[in-house]
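Counting in the numbering used here, the sequence shown runs from 1 upward without gaps.
Quick caveat, the hints were computed from the structure, so don't treat them as lab data. Treat each hint with caution, since some may be false.
Claimed, not checked - Derived DSS-like pairs: lysine-lysine, alpha-carbon spacing no greater than 27 Å straight-line:
1) Lys4 / Lys236
2) Lys95 / Lys125
3) Lys23 / Lys48
4) Lys23 / Lys191
5) Lys157 / Lys136
6) Lys233 / Lys168
7) Lys168 / Lys39
8) Lys157 / Lys125
9) Lys39 / Lys288
10) Lys4 / Lys48
11) Lys184 / Lys48
12) Lys59 / Lys4
13) Lys24 / Lys245
14) Lys236 / Lys19
15) Lys95 / Lys161
16) Lys288 / Lys233
17) Lys245 / Lys288
18) Lys59 / Lys24
19) Lys161 / Lys136
20) Lys59 / Lys168
21) Lys156 / Lys125
22) Lys233 / Lys39
23) Lys184 / Lys156
24) Lys161 / Lys245
25) Lys191 / Lys168
26) Lys240 / Lys4
27) Lys59 / Lys23
28) Lys53 / Lys168
29) Lys53 / Lys24
30) Lys161 / Lys184
31) Lys288 / Lys236
32) Lys245 / Lys39
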Amino acid sequence: MLLKNECASLFEDVHTHVKESAKKLGSSGGALFIIHNEKIVTESYFGKQSSTKHARDVKADTQFHIASVRKTYIGFAAAYAIYHGYFSIDDSIQKFVEDSHVSPSPSPYEGVTIRHLLTHTHGLKIEDGKLVSEYKPGSSWAYRGPSIELLATIIKKTTGKSVTDIVKEQVINPAGFQSTEWIKMSQPHSKISDTIRDTDNVFWTETDMVDGSGMNMYVSAKELALWGYLHLKEGKWGGKQIIPKEIIQMATSIQTPNTNLPIHKNGFLWFIKDTNHPFNQIGDSVPKGSYQLLGYTNVTLLVIPEENVVAVRMFNRYGSSEGYDYLNDVRAFGDTVYECSIKTK
1 MLLKNECASL FEDVHTHVKE SAKKLGSSGG ALFIIHNEKI VTESYFGKQS
51 STKHARDVKA DTQFHIASVR KTYIGFAAAY AIYHGYFSID DSIQKFVEDS
101 HVSPSPSPYE GVTIRHLLTH THGLKIEDGK LVSEYKPGSS WAYRGPSIEL
151 LATIIKKTTG KSVTDIVKEQ VINPAGFQST EWIKMSQPHS KISDTIRDTD
201 NVFWTETDMV DGSGMNMYVS AKELALWGYL HLKEGKWGGK QIIPKEIIQM
251 ATSIQTPNTN LPIHKNGFLW FIKDTNHPFN QIGDSVPKGS YQLLGYTNVT
301 LLVIPEENVV AVRMFNRYGS SEGYDYLNDV RAFGDTVYEC SIKTK
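Using the sequences and the accompanying hints, generate a full structural model.
Here you go:
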């Protein structure tokens, strides 16, 4: 489907940047995979899957913990459910969830819609073990966890299928992916990279749940790039429309309820480039309409439709080392990818 390009040197600056980032992070290894104009222009693997003696080299089949980048798959499952009429983007979530476990009236779910969950504008957060409302839905933005669990629950309740079921049925099986999976953390296999982390990191969780709701998704650099490429091509794969283009268009266009607010703009959990802001995770030079997601393992998937490019970087460091500015680094990654892509013109 994709050909190797002999002119990979055009993206050498990206390769240099990624290697430097790995060193700053203290990652034991990493990978870089770039698709440009229907060709694989960079495919690089370096280092080891862990810091232990005799660790396996990072290879094409190495699978990395992708952390929050997994949310692109949850967003896809939500778009699938909406496209097939299981619920609407502006449905109240109170139609689908029970209030019995949360605080008394008024319920924190009041006024929260599917759109709010998908765009991080729901205002829900956990405080002292209870679900509370931080702000009026749609009036602000905050990156909080409750939305992901709620989305996964609503998708399963309405479609009868888990996020994993939908992604396997719609993408993994038709595309023949072999290195995209949810791993039972108690049963790791030799191809997954160890995730280097501080022992007291409160955000790290382990689960054996493989329904797509948990933070246990492992993907190879190539298949994560191909996932991005499927979005870039609006659901076309090998010349066939395997996904209705409306599903992809829905997921990768701005869905934030009030686009006039100076906040992050999101599609279906994707960060969508609109105007430049200091808080953006996408670099200033990257054009409007590009979309990206960054994981806490510093894994990044960037799609720039204007330049027909998909770029993936993979690391195995959970969190950041002292002195590492992750936001500045990921913005520089995107800017470098874009600057290299326009050299071909």
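Results of checking the hints against the structure:
{"no.": "1", "hint": "Lys4 / Lys236", "result": "holds, 20 Å"}
{"no.": "2", "hint": "Lys95 / Lys125", "result": "holds, 20 Å"}
{"no.": "3", "hint": "Lys23 / Lys48", "result": "holds, 13 Å"}
{"no.": "4", "hint": "Lys23 / Lys191", "result": "holds, 22 Å"}
{"no.": "5", "hint": "Lys157 / Lys136", "result": "holds, 26 Å"}
{"no.": "6", "hint": "Lys233 / Lys168", "result": "holds, 19 Å"}
{"no.": "7", "hint": "Lys168 / Lys39", "result": "holds, 25 Å"}
{"no.": "8", "hint": "Lys157 / Lys125", "result": "holds, 22 Å"}
{"no.": "9", "hint": "Lys39 / Lys288", "result": "holds, 23 Å"}
{"no.": "10", "hint": "Lys4 / Lys48", "result": "holds, 25 Å"}
{"no.": "11", "hint": "Lys184 / Lys48", "result": "holds, 22 Å"}
{"no.": "12", "hint": "Lys59 / Lys4", "result": "holds, 17 Å"}
{"no.": "13", "hint": "Lys24 / Lys245", "result": "violated, 39 Å"}
{"no.": "14", "hint": "Lys236 / Lys19", "result": "violated, 32 Å"}
{"no.": "15", "hint": "Lys95 / Lys161", "result": "holds, 18 Å"}
{"no.": "16", "hint": "Lys288 / Lys233", "result": "holds, 17 Å"}
{"no.": "17", "hint": "Lys245 / Lys288", "result": "holds, 20 Å"}
{"no.": "18", "hint": "Lys59 / Lys24", "result": "holds, 21 Å"}
{"no.": "19", "hint": "Lys161 / Lys136", "result": "violated, 31 Å"}
{"no.": "20", "hint": "Lys59 / Lys168", "result": "holds, 24 Å"}
{"no.": "21", "hint": "Lys156 / Lys125", "result": "holds, 22 Å"}
{"no.": "22", "hint": "Lys233 / Lys39", "result": "holds, 13 Å"}
{"no.": "23", "hint": "Lys184 / Lys156", "result": "holds, 20 Å"}
{"no.": "24", "hint": "Lys161 / Lys245", "result": "holds, 21 Å"}
{"no.": "25", "hint": "Lys191 / Lys168", "result": "holds, 20 Å"}
{"no.": "26", "hint": "Lys240 / Lys4", "result": "holds, 21 Å"}
{"no.": "27", "hint": "Lys59 / Lys23", "result": "holds, 18 Å"}
{"no.": "28", "hint": "Lys53 / Lys168", "result": "violated, 35 Å"}
{"no.": "29", "hint": "Lys53 / Lys24", "result": "holds, 21 Å"}
{"no.": "30", "hint": "Lys161 / Lys184", "result": "holds, 19 Å"}
{"no.": "31", "hint": "Lys288 / Lys236", "result": "holds, 22 Å"}
{"no.": "32", "hint": "Lys245 / Lys39", "result": "holds, 22 Å"}
Hints 13, 14, 19 and 28 from the earlier list are contradicted by this structure; the remaining hints agree with it.
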